[in-house]
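Modelling step: build the complete structure from the supplied sequences, incorporating the hints.
Line by line, the protein sequences are chains A and B. For the first sequence, numbering that gives the first Met the number 0 assigns the number 0 to the initial residue and increments by one for each residue that follows. For the second sequence, numbering that gives the first Met the number 0 assigns the number 0 to the initial residue and increments by one for each residue that follows.
One thing to keep in mind: the hints can contain errors.
As the list claims (entries may be wrong) - Cut-off 25 Å, straight-line C-alpha distance, at most; resulting in silico cross-link-like pairs (SDA-like, lysine to any residue):
{"id": "1", "chain 1": "B", "residue 1": "K81", "chain 2": "B", "residue 2": "D51"}
{"id": "2", "chain 1": "B", "residue 1": "K139", "chain 2": "A", "residue 2": "S43"}
{"id": "3", "chain 1": "A", "residue 1": "K80", "chain 2": "B", "residue 2": "R114"}
No lab work stands behind these hints: they were computed from the structure.
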Amino acid sequence: MNDDGQWIILMGFVVSTIIFILALIVSQSALVGQTTSESVLEFSKTDIQDLRAEVIYLKEKELISDDLLIYDLKNLSMGRKTAAVDLNSWSDEISGTDFVFIHFNDGTTSYSETYEEYY
Amino acid sequence: MVDDSGQLYTIEGISAGLLMIVTAYLVVSSTTVLTPQDVHITDVQLEQLGNDALAMMDTRDSYEDERSPLQDYVLYDDSINKSNFEQQFLLYCNSTPFGAMDDLRFNATIHFYKRSTEEQSSYTYYEPPGYDYYRENAVKVNRWIYLEEKPWNGHPNMNSGEQMVIMEVLLWRG
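Structure (structure tokens):
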């Protein structure tokens with residue numbers, strides 16, 4: 000029995016094991032990238048930004064306590080974005096602050112904020 | 000003729016071959032996973048682009064302005080304003096840092112809520128002329144719009160006075 004090539008065999012095994020592990024890592028990283036972009040798509044960042052921008056616009060136009068508009072907003076948001084929206088505004092005369100409570104929940108993301116504005 | 004002097008080499012050869020095949024399979028299959036991932040990344044980018052374009056159009060040029068350009072386009076929806084809307088939106092979406100224009104297409108729908116009957120409905124505000132949507136991978140972006148009154152050419156079922164509507168834009172690469 001000739002055992003001259005044992006180092007070559009051993010090195011062959013080591014190299015192929017390394018390549019095997021590297022391939023595993025590469026395939027995992029691709030999956031991670033996919034799930035990340037999927038969760039980015041699912042997170043309703045733009046919906047919340049849009050709602051917030053609209054609320055601040057309505058506040059500026061002094062329409063934030065207009066029940067008809069809020070009624071539209073709640074119903075449309077339920078129908079088109081499947082998100083529950085609640086808006087509530089009040090003001091504090093002592094500190095001279097207007098508050099708008101903004102709530103958004105689309106089942107996966109819940110967002111609440113109390114927007115403050117000094118007058 | 001037949002002896003067993005090369006058995007170790009034969010086993011080594013077979014196992015090395017198997018290892019190479021498995022490795023090649025793993026590498027190839029890992030790179031094919033990249034395709035759906037790439038699609039999602041462009042979806043995210045397209046969605047951000049459309050939302051940014053709508054946000055830009057829904058911003059008043061100056062504080063004194065009564066309405067943003069987007070509100071004007073929806074409220075006074077004659078053919079001139081619709082084509083202004085089309086041009087502005089396509090300009091914002093198709094501009095690239097390299098000077099050449101991109102080829103994005105879109106259609107826009109207005110969704111409204113009729114209070115008296117508690118019904119939601121919609122009408123098409125804009126669609127590309129002679130170019131229907133036949134492709135996959137479109138993204139939907141939307142923007143709240145406050146209207147002081149019913150648009151000129153709005154849906155007959157719309158509320159008459161002030162109201163909130165949603166503009167929904169379907170955006171795809173042409």
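- Query: Looking back at the hints listed earlier, which ones does the structure fail to meet?
  - Reply: none
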